[in-house]
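Student: If you read the sequences in order, they're chains A and B. Counting from 1, one number per residue, gives the positions in the first sequence under our numbering. Counting from 1, one number per residue, gives the positions in the second sequence under our numbering.
Hints should not be assumed to be uniformly reliable.
Here are some of the chain A residues that sit facing chain B, going by a computed Cβ distance under 7 Å [stated by the list, open to error]: (1) ARG16; (2) THR17; (3) ASP52; (4) GLY57; (5) PRO69; (6) LEU105; (7) ALA111; (8) ALA112; (9) GLN253; (10) SER254; (11) VAL258; (12) TYR285; (13) THR312; (14) GLU316; (15) ARG317.
Derived DEER-like restraints, expressed as beta-carbon distance ranges [said to hold, decoys possible]: (16) B:THR201 x A:ASN148: 32 to 38 Å; (17) B:LEU299 x A:ALA155: 37 to 43 Å; (18) A:PRO186 x B:THR141: 53 to 59 Å; (19) B:ILE238 x A:ASN148: 30 to 36 Å; (20) B:MET346 x A:ALA30: 43 to 49 Å; (21) A:ASN148 x B:LEU150: 50 to 56 Å; (22) A:LYS91 x B:ALA133: 29 to 35 Å; (23) B:MET346 x A:GLY76: 53 to 59 Å; (24) B:THR141 x A:VAL121: 57 to 63 Å; (25) B:PHE390 x A:ALA155: 19 to 25 Å; (26) B:PHE390 x A:LEU25: 23 to 29 Å; (27) A:TRP77 x B:ALA133: 44 to 50 Å; (28) B:ALA133 x A:PRO186: 30 to 36 Å.
Hints in this document: simulated from the structure, not taken from any laboratory. These figures come from a predicted structure and were not determined experimentally. Glycine residues also receive a C-beta, built at the ideal position from the N, C-alpha and C atoms.
One-letter residues, chain by chain:
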Amino acid sequence: MSAPLTADYNDGHESRTHAVRLLLLPGVLAILDADTAEERDAWPADDVRLVDRPGTGALLRLRRADGSPARLTLDGWDALAPLERHCPHLKRNTDDLRGQWRRVLAWSVGAAAALAVIIGVVIPFVAVRMAASIPEPVAAQLGEVSLNQIAGLFAKLGSKDKDALFCQGAAGRAALDALLDALVKPGDLKDRTLHVHVLDHKMVNAFALPGGQVVVMRGLIEAAGDQHELASVIAHEIGHVIEHHPMEVTMEQSALSVLVGLFIGDVTGGTVMAGLGQALIGAAYSRDAEREADAIAVRLLTRAGMDPDGLTRFFERVRKKYGEMPAPLQLFASHPSFADRIDAVPVARRQVHDVIDAQAFADLKGICGGTATEGD
Amino acid sequence: MTEPTAGAASSVPSAGTSPIGAPAGPPDGEPAWIAQALRPPPPEDHVQAAFSGRRGALFKLLVKNMVLTLLTLGVYRFWAKTWVRRYFWSNTRLLNAPLEYTGTPVELLLGFLIVLVIMVPLGLAYAGLEFLAPTLSWPATVAGYGAYFLIVFLLVQIGFYRMWRYRLTRTVWRGIRFGLDGSAWAYLGRAALWMLATAGTLWVAAPWASMALTRYRMEHSRYGTGRFAFDGNGGGLIKRWLVVLVLAGLPVVLVLSSGAAGYLSVLDALKSDDPEGTARAMGQVMGPAMASFSLYAFLPFALVWYRVSEARYVLNHTTFDGARLSSTLSTGSVLWLLVKVYLLYMVLFTVVGGLFGVVITLVVIGLAKSSAATVDAQAQAALVGNAVGFVVVLVFMAGMSLIQTGILQFGLVKRLCATLTIDDPAVFDRVTQATGTGPGYGEGLADAFDIGAV
């Protein structure tokens, strides 16, 4: 036993502080009044804990593990070593979870289950039902916003002007419109409008946005071997538009970002609308959504007298040329349903003919003003 | 003796007065006077509150917290908040005895989980509103946003009250817990009525509103069995508040009054198709307008001056079991701190902005070089860009937290402590522990709305 330790003692009942001496007796920490040497308290050595982690404050404070409010305050941390030898659990700090872990577990499981139900059931359910009833002006505005975001993204990537990004070649545009006229008949989209843009970028991709905005990239047009291949990809995207899929995904994404924002502690909602467009480029539709788009694509193509096999051929070509498929295309490339749909079309109706002539298709390939490769 | 002053206060309770902070009257007993004189003097004998934290330890804690919070996607923030509070509480000494924060991260986590039940539907409703707003008629839009902000206002008031209750019940000093009685709903009612009164009087009633709410809080605050009381009211602050209001409102009034006449002369000049006259008339309107609005440069200083006065006023009109608190916090010291914080923010924004510029340039160059045009190369460039961008965001967040907590909050607590005194410290010796330990979970609403600094 070394020099007596002095401390301030608060018994947890009165606010008054008592000057005390501490005695480290076997198995017990005796607290004696500094003046009268009477025993004020005795703490079992096993029960003595540090209040602060070493280094937090200038004073060393002790408490009991049972949560009683009594405290000992020592001036400075010199006494730490002898106390540690005497009180084996001095630094143990498991009190945080003790007695509470059941409640924490119950609430965490509850919250996780609620989140799972909201993400997996409630949000898709509401999104699918609401997407079709979103008024046209809202959808149009959202489409504009998303298109702008995406244009901004590609403008930054290619350090190009945003407006110069969309290909405006007059002859190519006319050819594209002719192709679209053949594919889409009045009434397919009810009262909605369809805008097909060609984006000047080498990526082999096409995607649909809310408000009937469809973006086809130059890379995809150049990769297409003939008009049937190109038309089948566009028809697939139009299928998404007709079925309101981009709007569903938009709604799901924004609901999800509200949840994520809450979870990571950002309720200002700054993350909600930002990045919506980016999310839509790689939007992974559900298998059901892809099947619906395929069904519509086959219907549009056969009605126009075009070859629904174009999609299959297109993917074969892209695979041969680029090796692995770019991720966004992989999903809808591997569609077993598409072959089934085509097989379901009566042979008699598979009278395939071109809807635009070879010159128009060449114009379409050169819509971005580049020297497009003339077929292959 | 561990702490000379604290030991003295406790071992000679019969003396009735404490040696620290007591008025320097004639000593009533020779031996006590000699004993006191022989004792080594306390470091600053007029100071009854002091903040003794080292900034280095806090910086280390803040950086560690930030890294772990990011790695756990925000879940660690409950632990982070708790450790920061323990640092501030443990280093704050009143009458030489440090405070203790007994709250736990798990309690904060529970509070958060419970509040999710309210916040998820509210958040989804807001997202829906944002979605539908362009198609709604304007009364419907106003009603929708109005209802949303009303609900948020009410929840924030309740959140504040619950936050104070949680923090007070988790604050222990000399082995005795603080506490807050009263009800969050009663507080909410008062807050709502005073909000209406404030708006109805064009913000003239703001000091009365703020002091009435302060009184409700103070008079329901406890330390053990002892109670706080508050004898201030808006009248004590109204002069200073009017200065702020006049400074904020004067430019508007000036522009409106001079503008009305000027507007007519501009119209006349336009009608008479006289470009020179139009320009002259425009100048006559714009000149005074610019001059008036330049008054706004003083507004931030006036606001700081008012807020510091208000803090001092609240403390000077607070008593605990008859003993009066007082504060000499000065506008100058707080203003200097805020200027430092402002300059540090400028430095941080410049550094982070520069880093971002470098990153974007590098990514663009990288993309341009990968002319092979393979999707893989682009994906790689994007990945590198994202990774470096993430590090830059990390630097930014670390800087923000160091400035916000390590400089601003640290400085405010230090200044507040250094200027706080109480005229009769012996009242605390008569306090005993009260029953009741407070709520079992904490601050969910406050966390959701990000109110309360730490």
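Student: Which of the stated hints cannot be reconciled with the structure, identified by number in ascending sequence?
Tutor: Hints 6, 8, 9, 12, 13, 14, 15, 16, 18, 19, 20, 21, 22, 23, 24, 26, 27 contradicted; others consistent.
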